[in-house]
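K.L.:
Residue strings, one per chain:
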Amino acid sequence: MSRLRTLPKARDRISFLYFEHCRIEQDEQAIAVFKGKSKFFVPCAAISTLLLGPGTSITHAAIKTLSNNTCEVQWVGEDLLRFYASGRSGSGNAKRIIHQATLWADSIQRLKVVRRMYLFRFDDPLSDDLTLQQIRGHEGVRVRTLYQHWSRQTGVEWNGRDYKQQDWNAADPINQALSIANACLYAVCQAALHSVGYSPALGFIHTGKPLSFVYDVADMYKAKTTIPAAFEAVSETYFNLDTLVREKCRERFNEQRLMHRLVQDVDRMLGFGDDEETEPICFLWDDVLESVEGGKNWAEE
Amino acid sequence: MVVFVLENVKPVLRGELSRWLFEVKAGVFTGRVSALVRDELWDLIAQKLDHGSAVMIYPKNCEQGFDARILGNPSRSLVDIEGVLLVKV
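From first to last, the protein sequence lines stand for chains W and Z. Going by this note's numbering, the first residue of the first sequence is number 3, and it counts up by one from there. Going by this note's numbering, the first residue of the second sequence is number 48, and it counts up by one from there.
Honestly, the hints are just simulated from the structure, not real lab data. Warning: the hint list may mix true and false statements.
Result set (PhoX-like, lysine-lysine): computed pairs, CA atoms no more than 20 Å apart in a straight line [stated by the list, open to error]:
| id | chain 1 | residue 1 | chain 2 | residue 2 |
| --- | --- | --- | --- | --- |
| 1 | Z | K57 | Z | K95 |
| 2 | W | K166 | W | K211 |
| 3 | W | K11 | W | K97 |
| 4 | Z | K95 | W | K39 |
| 5 | Z | K135 | W | K37 |
| 6 | Z | K95 | Z | K107 |
| 7 | Z | K135 | W | K41 |
Covered stretches of chain Z, going by a simulated chain W footprint (3 or more residues, C-beta under 8 Å) [as the list claims (entries may be wrong)]:
| id | stretch |
| --- | --- |
| 8 | 58-67 |
| 9 | 84-93 |
Positions of the beta carbon are idealized from the N, C-alpha and C atoms, including for glycine.
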C-alpha cells in the first residue's frame with residue numbers, strides 16, 4: 003500500500019490522452035506509444051484516463067502497468083464518438099458506492115440530490131418552492147440561452163442540437179464538435195468517479211443507462227467546458243476539428259480545475275463526508291450492529 | 048523557477064549562466080528569474096550551444112504544470128499531443 007500512496011491522486015492527474023492508429027507497449031516499466039517510426043513516452047501514473055481510438059493495439063504487459071498505476075483505459079470509437087469498454091481503475095473501499103446506493107434507493111433523499119445537482123448549474127439561486135418539473139423547465143431555458151450566447155460570441159451558426167447516432171457525417175460541424183467534446187468530458191467524469199468508487203450506473207437525474215451517473219455529473223460542467231470549447235473550435239477551423247476540440251477541452255478543463263473539483267463536487271452533491279482515508283478493511287454486514295470486522299473467525303461468539 | 052540541463056557545452060557558457068543561476072550539479076542550473084530573463088538565457092544558450100545539448104524546464108499554467116524545450120539532441124524531441132507534452136524518440 004505504501005507504493006500506492008506515491009501515485010498522484012485523481013485530482014492531480016492530466017485529464018485524458020487520446021491515441022488512435024498506434025501500438026502501445028510496456029517499455030522499461032513504463033508505457034510507450036509506437037506510431038510510425040517514432041516512440042512516445044506516456045507518463046501513465048500522471049494521466050487519469052487513456053482513450054484508445056480505432057487502430058490501436060495494446061499489449062497485456064502494458065495493460066498490467068496501466069492498471070498498477072491506476073490509469074483508467076477506455077476504448078472509444080472514431081473521434082471518441084462511442085464508448086465501448088473500460089478497464090478497471092482503483093478504489094480501496096466501497097464507502098462511496100454504498101452511500102450513493104443508499105441515497106439513490108430513497109426517493110426523498112434522491113430528490114434532494116437531484117435539486118442540488120440542478121441548482122449547482124445556476125449562478126443565481128432558484129427559489130425553494132419550485133417543483134422538480136419547474137426546475138427542469140428553468141434548466142431547458144438556461145441551456146437554450148447558453149447555446150445562443152456562444153453562437154453570438156463566436157459567430158457559429160446554431161440551429162439546435164441535432165445528431166444521428168448512425169450517421170456521423172450528417173451532423174453539422176458544431177454538433178460534431180459538441181459530440182466530441184462531450185465524449186471527452188464523459189470519459190474524464192467516468193474515470194474520476196471510477197477512481198474513488200462511485201457507480202456510473204446509479205444516476206440521480208438520468209436513469210436507466212449504464213452511465214447515467216456519468217451524464218448527471220458531466221451536465222454540471224458542460225456550460226463552462228465543452229460548450230464554449232466546441233463553439234470556439236468550430237469558429238477557428240474546419241480542418242482537424244476533432245484535434246482542436248480536444249485541445250480546447252483540455253484548456254477549459256485546466257482553467258476550471260476540473261480534475262481538482264470533480265470528486266469534491268460530487269461528494270458535496272451527495273453529502274458524502276470524506277473522513278479519514280483509512281486502509282481498506284473488509285467488513286461483514288450485520289443486521290443489528292450494521293457491520294462487524296471481517297477476516298476474523300466468529301465461531302466463538 | 049527554471050531548470051536548465053546542459054551537456055557538452057563550453058565553460059564560458061556555464062560561467063555566463065551561473066551569473067543568474069545556481070549550478071547544483073555539473074551542467075544543472077536552477078533559480079528564479081523572470082520569464083523575460085529566462086527566454087533571454089535560452090537564446091544565449093541556443094547561440095553558444097555548438098555541439099552540446101540543452102534542456103529547459105519551467106512552470107506553466109497548464110494541466111501538466113510545466114513546459115520544456117530541448118536543443119541539440121537529435122534523437123529526442125518534445126511533441127505537443129493535443130495540449131500534452133510528450134517525449135518522442
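K.L.:
For each hint, tell me whether it holds in the structure or not.
P.N.:
Here is what the structure says about each hint:
1. Z/K57 / Z/K95: Within the cut-off at roughly 8 Å; holds.
2. W/K166 / W/K211: holds (18 Å)
3. W/K11 / W/K97: holds (18 Å)
4. Z/K95 / W/K39: violated (31 Å)
5. Z/K135 / W/K37: holds (10 Å)
6. Z/K95 / Z/K107: violated (26 Å)
7. Z/K135 / W/K41: It holds: about 5 Å lies between the C-alpha atoms, which stays within 20 Å.
8. 58-67: violated (count 0)
9. 84-93: Violated - the stretch 84-93 of chain Z has 0 residues with a Cβ nearer than 8 Å to chain W, which falls short of three.
Checked against the numbered hints above, the structure violates hints 4, 6, 8, 9; every other hint is satisfied.
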